[in-house]
Amino acid sequence: AQSVTQLGSHVSVSEGALVLLRCNYSSSVPPYLFWYVQYPNQGLQLLLKYTTGATLVKGINGFEAEFKKSETSFHLTKPSAHMSDAAEYFCAVTAYTGRRALTFGSGTRLQVQP
Amino acid sequence: DAGVIQSPRHEVTEMGQEVTLRCKPISGHDYLFWYRQTMMRGLELLIYFNNNVPIDDSGMPEDRFSAKMPNASFSTLKIQPSEPRDSAVYFCASRETSGPGELFFGEGSRLTVL
Chain A
1 AQSVTQLGSH
11 VSVSEGALVL
21 LRCNYSSSVP
31 PYLFWYVQYP
41 NQGLQLLLKY
51 TTGATLVKGI
61 NGFEAEFKKS
71 ETSFHLTKPS
81 AHMSDAAEYF
91 CAVTAYTGRR
101 ALTFGSGTRL
111 QVQP
Chain B
1 DAGVIQSPRH
11 EVTEMGQEVT
21 LRCKPISGHD
31 YLFWYRQTMM
41 RGLELLIYFN
51 NNVPIDDSGM
61 PEDRFSAKMP
71 NASFSTLKIQ
81 PSEPRDSAVY
91 FCASRETSGP
101 GELFFGEGSR
111 LTVL
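Sequence order for the protein chains is A and B. The first sequence begins at 1 in the numbering used here and counts up by one. The second sequence begins at 1 in the numbering used here and counts up by one.
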């Protein structure tokens, strides 16, 4: 079975500050990891994904995440927050074989203060 | 290219009524997923299909819920009879057979049961 835990249901940062959203996963097989963003009244949009290879992955809108196997983590970062980054962010996990659905974390709502 | 298309976007109904939610996946995608999103439970997988065949329906809450996929371009999620606790946003998502499992989401159907 696979699961993800997102630490902090709400994160507030000032515009221009570093964004750090935390995600830890549990998986008995090598995982594929994802970050999705959800804006109000919209569906989920893929930010970035880790499958194999380079452990630092870059996504859209200046976000990046680093896969750390030793820490079972896949934290999302952005050097400088923008007002438009205010949204809910979901970490998700799946595996190449077996169950093909994504298992999502509980989400982190990011607030950006002017 | 058109994304995943869901209808209706909003549905308000009274307890006991039948509700049918519809989904058109992205052309060429072999997997289709139904998720439910609530404040209390987050994003839950209800059921998913591969090549129109239900693979895992362990997330379907109870017998009042049913899902079908009569062909590769159409799926329905039906609730009969509906109850207030079914109020949620229901998302449909699809993905290709190959690749790391990225899901493409529709914009969701917001259901309110009075």
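Calculated directly from the structure, the hints in this document are not laboratory data. Treat each hint with caution, since some may be false.
Label pairs and their in silico Cβ distance ranges [stated by the list, open to error]:
no.	chain 1	residue 1	chain 2	residue 2	range
1	A	G16	B	K68	45 to 53 Å
2	B	E96	A	T55	18 to 26 Å
3	B	R85	A	S106	15 to 23 Å
4	B	T97	A	P114	26 to 34 Å
5	A	E66	B	S73	33 to 41 Å
6	A	P114	B	G28	38 to 46 Å
7	B	P70	A	G16	47 to 55 Å
8	B	Q80	A	L18	18 to 26 Å
9	A	Y39	B	S7	33 to 41 Å
10	B	S66	A	K69	21 to 29 Å
11	B	E96	A	G53	16 to 24 Å
12	A	E66	B	E83	42 to 50 Å
Here chain A is said to cover these stretches of chain B; the calculated rule only asks that three of the stretch's residues, wherever they fall, bring their Cβ under 8 Å from a Cβ of chain A [as the list claims (entries may be wrong)]:
no.	stretch
13	42 to 48
14	89 to 103
For each residue, glycine too, the CB sits at the ideal point set by N, CA and C.
Go ahead and decide if the range 45 to 53 Å is satisfied by the Cβ distance of A:G16 to B:K68. Hint holds: Cβ distance 50 Å, inside 45 to 53 Å.
Kindly confirm whether 16 to 24 Å is satisfied by the beta carbon distance between B:E96 and A:G53. Since B:E96 and A:G53 have Cβ atoms about 19 Å apart, the given range 16 to 24 Å holds.
Outcome of range test on Cβ distance (A:E66, B:S73; 33 to 41 Å): 39 Å, holds
Under 8 Å between beta-carbons, do enough residues of the stretch 89 to 103 of chain B, three at least, approach chain A for the coverage claim to hold? holds (count 7)
Holds or violated: the stretch 42 to 48 of chain B covered by chain A, criterion of 3 or more residues with Cβ-Cβ distance under 8 Å? Holds: 4 residues of the stretch 42 to 48 of chain B have a Cβ under 8 Å from chain A.
Cβ distance range 15 to 23 Å for B:R85 and A:S106, holds or violated: 19 Å, holds
Given the hint of 18 to 26 Å, is the C-beta distance from B:Q80 to A:L18 inside that range or not? This hint is violated: roughly 49 Å between Cβ atoms.
Would you say the C-beta atoms of A:Y39 and B:S7 sit inside 33 to 41 Å of each other? 20 Å, violated
Does the Cβ distance between B:P70 and A:G16 fall inside 47 to 55 Å? Check passed, 52 Å falls within 47 to 55 Å.
Are B:S66 and A:K69 spaced within 21 to 29 Å by their CB atoms? 41 Å, violated
Range hint compliance [Cβ, B:T97 to A:P114, 26 to 34 Å]: 45 Å, violated
Given a hint of 38 to 46 Å, does the C-beta separation of A:P114 and B:G28 actually sit inside it? About 43 Å separates the Cβ atoms of A:P114 and B:G28, which means 38 to 46 Å holds.
Violated hints, in rising order: 4, 8, 9 and 10; the structure is consistent with all others.
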